[in-house]
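A.B. asks: Residues per chain, in single letters:
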Amino acid sequence: MTKKMAIIASKGTLDGAYPPFLLASTAAALGFEAKIFFTFYGLQLLKKDLSPKVSPLGNPAMPMPVPMPNLLQILPGVEAFASWMMRRKLKQKGVASLTELRTICLDSNVELIACQMTVDLFDFKNHDFIDGISHGGAATFLAFASEADITLYI
Amino acid sequence: MTKKMAIIASKGTLDGAYPPFLLASTAAALGFEAKIFFTFYGLQLLKKDLSPKVSPLGNPAMPMPVPMPNLLQILPGVEAFASWMMRRKLKQKGVASLTELRTICLDSNVELIACQMTVDLFDFKNHDFIDGISHGGAATFLAFASEADITLYI
Amino acid sequence: MTKKMAIIASKGTLDGAYPPFLLASTAAALGFEAKIFFTFYGLQLLKKDLSPKVSPLGNPAMPMPVPMPNLLQILPGVEAFASWMMRRKLKQKGVASLTELRTICLDSNVELIACQMTVDLFDFKNHDFIDGISHGGAATFLAFASEADITLYI
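Residue numbers (the UniProt record's numbering), protein chains in the order written: chain E, 1 to 154; chain Y, 1 to 154; chain L, 1 to 154.
When chains are identical, the list treats them as one kind, so a pair holds in a single copy or across two.
Straight-line Cα separation of at most 16 Å, EDC-like style, residue types lysine to aspartate or glutamate; simulated pairs: (1) K89 <-> D120; (2) K93 <-> D123; (3) K89 <-> D123; (4) K3 <-> E147; (5) K4 <-> D149; (6) K3 <-> E33; (7) K91 <-> D123; (8) K3 <-> E111; (9) K53 <-> E79; (10) K3 <-> D149.
The set of hints was computed from the structure by calculation and includes no laboratory data.
In this text the structure is predicted, and so the values were computed from the model without any measurement.
Please build the complete structure, drawing on both the sequences and the hints.
C.D. replies: This is the structure we're talking about:
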């Protein structure tokens, strides 16, 4: 029987964006049926313009090229710099970009579902999102999740 | 056979509070048996006075009415403003308040369990919490989770 | 049949470090087969020198001895103070240290797996890590997770 994986993606940051797309594309490569339900900030990951940022603020575990006190981390430009640095690192190491990973997910039939409640809440427009996604509610997703072999909230 | 859902709620912020209560009440409406284990900061969600805040700091994915650099986000009042804004948005859109959702959970027999270790750790008092909750440890909860169809760590 | 638990540990902070080690050691004590896959910042938890910090920034739910505005929280020393305070509290209350919990996990045959992609990404060296861990990729871990009774992303 086909294995199933259900992921709830709730984060919209650069470091929160990789795990759902990486895990779902890996699962699809293994022959799993995978669905991701994008809710709250996660909805940002379905936008056409996919350019999430990462912030070192409040995350003392983030590897920085030089140790940097919070007092400096709030300066304008640090967030952009940290995001650029992580993106460059990923590229240097040959990790696919988020946009590529997202396309791989779609091409391998991972269902990408926008949480309708969050769409309404944050006034997203349908033309903000990429093609090929679906819309749905928590109830429908939980029904799928209850049949899944792996359930993750990211 | 009744489906089961096991949630571990570890966050105490406004945006971290909605998912466990929303998912558990939805699951209960679908006829699932649902239990939430509140641990670490999540324990704040069982307090009588339920007024969690949300912070834009360290979360560049949070939709703000105007883009705001971190340098401004640390100013006194911004956190309170962001929390007020999100609460107002939820209300405008007809989303139930956290207190309402929590009551719906209790009324539909979602078991709300306070992690005893965290209660001791942060010196919470029993009269801090709402009525109708239970207390327990990780071992008991894992036994339930291992029988559940959906397991999520939020 | 032996129950199985699969945890993905993605955080490298003090408060993000306890849940995977606590849950996995509890599961092992219950006779479960447990594996933790350390990815992204979670990889910090496999380092020989295990001294994660916790930050109150961006987490308004963190219990502080005195309420402290974000404007003060960014001052040098506050993060170190919050980390020291939480560590002291845990010790006072008789909670095992992270290093102890990690050793308990290893001694009770919890498999600790370093995500190879993250090791390469952040240029970790093998001598940075404790002995007794293994290395692996997402595909192998998902295969295990799909057989597990409990799957959690922390």
